[in-house]
Amino acid sequence: MGRQPGTASRLYTAMNPTTARPGSRAGQPAGGIALNAQVTVVDRPTTQHGLGGMKTAAKGGRLVQDKSYYLGLVRSKINELYAENTKLKKEIENSSDENSSFLSYEKRSLILRAKSELSLSHVKQEAVRLYDQIHEFEVKRDALIEEAKTRGSPAEEREKLLKQVKEDNQEIASMERQTREIQEKIDQMLEDIQQLDQDIEENQGERNQKYKELKKREESMDEFLGTFEDNKMEEANKISKIEQAIITLLETMSRNMGRFTHLPTPKELMSMKADLQFKEDERQKSERTTIGLASEREKLQHDLQKMEQFEEKLNEELLVLREKVTEMEKELEVYSDLDKLKTKSEAKKQKLMDDRIILQKRRDNFKELIQALTVRYEGLKAQLNENETYTQLMNLEKKWQHQEQNNFSMKEFISQRTMDCDFGKTSKQVYRIMDDFNAMLQDQLAARKTY
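In the numbering used here, the protein residues as written are 3 to 453.
Don't take every hint at face value.
[As the list claims (entries may be wrong)] Below 25 Å or equal to it, Euclidean Cα-Cα: the simulated SDA-like pairs (lysine to any residue) are:
| hint | residue 1 | residue 2 |
| --- | --- | --- |
| 1 | K351 | Q172 |
| 2 | K342 | L164 |
| 3 | K69 | L398 |
| 4 | K308 | E289 |
| 5 | K413 | L398 |
| 6 | K109 | Q403 |
| 7 | K69 | M436 |
| 8 | K187 | K369 |
| 9 | K287 | E300 |
| 10 | K301 | E289 |
| 11 | K451 | L164 |
| 12 | K383 | A116 |
| 13 | K142 | L371 |
| 14 | K301 | F312 |
| 15 | K430 | S70 |
| 16 | K187 | K69 |
| 17 | K400 | D134 |
[Stated by the list, open to error] Cβ pair distances, simulated, as ranges:
| hint | residue 1 | residue 2 | range |
| --- | --- | --- | --- |
| 18 | Q311 | N233 | 34 to 44 Å |
| 19 | K413 | F139 | 34 to 44 Å |
| 20 | Q200 | E348 | 21 to 31 Å |
| 21 | E319 | D232 | 46 to 56 Å |
| 22 | E331 | E370 | 54 to 64 Å |
| 23 | F410 | I113 | 14 to 24 Å |
| 24 | K400 | S102 | 19 to 29 Å |
| 25 | I113 | E390 | 11 to 21 Å |
| 26 | K217 | E319 | 18 to 28 Å |
| 27 | N397 | S102 | 23 to 33 Å |
| 28 | K308 | M272 | 50 to 60 Å |
| 29 | P268 | K217 | 48 to 58 Å |
Hints in this document: simulated from the structure, not taken from any laboratory.
Just so it is clear, the structure is predicted and the values come from calculations on it, not from any experiment.
Backbone N, C-alpha and C define an ideal beta-carbon position, used for all residues, glycine too.
All chains, full assembly: derive it from the sequences and hints.
Printed below as a string of C-alpha cells:
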C-alpha cells in the first residue's frame with residue numbers, strides 16, 4: 003500500500019498539466035529559452051488582503067481508511083452527541099428553573115399586591131371580613147338545616163313518644179317474665195345447693211373415715227419402715243451367725259468323719275435342718291412383707307392425692323354456685339320491685355315529654371334565626387356582588403386557577419421534553435454499531451493478512 007509509484011505513473015504525472023512546473027509547457031520537456039525570446043509572465047492574483055500565492059492542485063483525501071480512521075469518526079460523532087445532550091439538559095434545567103421562579107415570583111407579587119391593596123383600602127378589608135363572616139354564617143346555616151332535618155314534625159314526635167311508651171311497656175312485661183324465670187332458676191339452684199351440701203357432708207364423712215384408716219395404715223407403715231433397717235440388720239446378723247455355726251459344724255463334721263460315735267444323730271440332724279429352713283422362710287417372709295408394704299404405701303398416697311383433688315374441685319364448684327346465687331338474689335331484688343320500675347318508666351316518659359316541648363321551642367327559635375340569617379346572607383351577598391373589590395377578588399381567583407392550569411401543562415411539557423431528550427437508547431445503538439464495525443474491520447484485516 004505505501005510503495006512508491008512506478009515509472010509509468012511518474013511519466014503520467016509529469017504529463018499532467020496540473021502538476022507541471024510553472025513556466026514550462028505541459029507535456030513538453032523544459033528546455034532552454036533564447037535570450038531574445040518573448041517571455042510571458044502571468045500576473046499574480048490580487049485579493050483584498052494583498053497578493054495571493056499561486057494555487058496548486060487540491061490535496062486529495064486520505065488514501066488508506068483503516069480502523070483508526072473510522073474509530074476517530076465514531077469518537078467525534080459520539081463526542082458531538084454527548085455535547086448536544088449536555089446542552090439540551092442545561093437548557094431544560096434553565097427553562098424549568100425560570101418557570102418555577104417565574105411562577106413563585108408571580109404568586110408572591112399577586113399576594114403582595116392583594117395585601118397592599120387590602121392595607122390601603124378599608125373597604126376591601128371590610129369586604130374580606132364580610133366574606134369570612136358570610137362563610138361562617140353559611141356553615142351555621144347548613145348545621146341548623148341539618149339539625150332541623152333530623153328532627154321531625156310534632157306528629158312524628160308524638161308517634162315516636164307513643165312508640166317509646168309501647169316499647170317500655172313491652173320491656174316491663176319482658177322483665178316480669180324474666181323475673182319469674184329467674185325466681186324459678188333460683189329455687190332450682192337452692193335445691194341443687196342443698197343436695198350438694200348433703201352429698202358433701204356424706205362424702206366428707208366417708209372421706210374422714212377413709213382418711214383415718216389411711217392415716218393409721220400410714221403410721222403403721224412408717225413405724226415398720228423406721229424399724230425395718232434395724233430388724234433387717236438383726237436378722238442378717240442372725241443369719242450370718244447361723245451360717246458361721248453351720249460352717250463350724252461342717253468343719254467339725256469333716257474332722258470327725260472317722261468318729262461315728264461323735265456324729266449327730268438323725269434326729270438332731272433333722273432338727274437342725276428344720277431350724278435352718280425356718281430361718282430361711284422367716285427371712286423370705288420379711289422381704290415379701292417389706293415389698294408389699296412399700297407398694298401399699300404408694301397406693302395409699304395416690305388415693306390420698308385423688309381425695310385432695312376431689313375436695314378442691316368440690317370447694318371451687320361450691321364457691322361458683324354461691325356467687326351465682328348471690329347474683330340471682332341481687333337481680334331478684336331489682337326485678338321484684340315492679341312499682342319502682344313503673345315509677346322510673348313514668349319519670350322517663352315525663353322527661354321525654356318535657357324534652358319534646360323544649361326541643362319544639364328550640365326548633366321554632368332556630369327557624370326564626372335561620373330566616374333572619376338567610377335574609378342577612380342574601381343582603382350581604384347582594385352587597386358583595388355590587389362591590390368592586392369582591393369582583394376583583396373573584397377575577398384574581400379565576401386568574402390564579404388559570405395560572406395553576408398553565409403550570410400543570412408546563413410541567414407536563416417539561417417532562418415530555420425530558421423523555422424526548424433521553425439519548426440512552428441512541429448511545430447504546432451507536433456503541434453496538436461500533437462493535438459490529440470493529441469486528442468487520444478485524445475480519446477484513448485478517449483476510450488481507452492471509453491473502
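Cross-check of the supplied hints:
no., hint, in the structure
1, K351 with Q172, "holds (14 Å)"
2, K342 with L164, "holds (21 Å)"
3, K69 with L398, "violated (67 Å)"
4, K308 with E289, "violated (29 Å)"
5, K413 with L398, "holds (22 Å)"
6, K109 with Q403, "holds (11 Å)"
7, K69 with M436, "holds (11 Å)"
8, K187 with K369, "violated (56 Å)"
9, K287 with E300, "holds (20 Å)"
10, K301 with E289, "holds (19 Å)"
11, K451 with L164, "violated (115 Å)"
12, K383 with A116, "holds (21 Å)"
13, K142 with L371, "holds (10 Å)"
14, K301 with F312, "holds (17 Å)"
15, K430 with S70, "holds (21 Å)"
16, K187 with K69, "violated (109 Å)"
17, K400 with D134, "holds (19 Å)"
18, Q311 with N233: 34 to 44 Å, "holds (36 Å)"
19, K413 with F139: 34 to 44 Å, "holds (39 Å)"
20, Q200 with E348: 21 to 31 Å, "violated (47 Å)"
21, E319 with D232: 46 to 56 Å, "holds (48 Å)"
22, E331 with E370: 54 to 64 Å, "holds (56 Å)"
23, F410 with I113: 14 to 24 Å, "holds (20 Å)"
24, K400 with S102: 19 to 29 Å, "holds (22 Å)"
25, I113 with E390: 11 to 21 Å, "holds (20 Å)"
26, K217 with E319: 18 to 28 Å, "holds (26 Å)"
27, N397 with S102: 23 to 33 Å, "holds (25 Å)"
28, K308 with M272: 50 to 60 Å, "holds (53 Å)"
29, P268 with K217: 48 to 58 Å, "holds (54 Å)"
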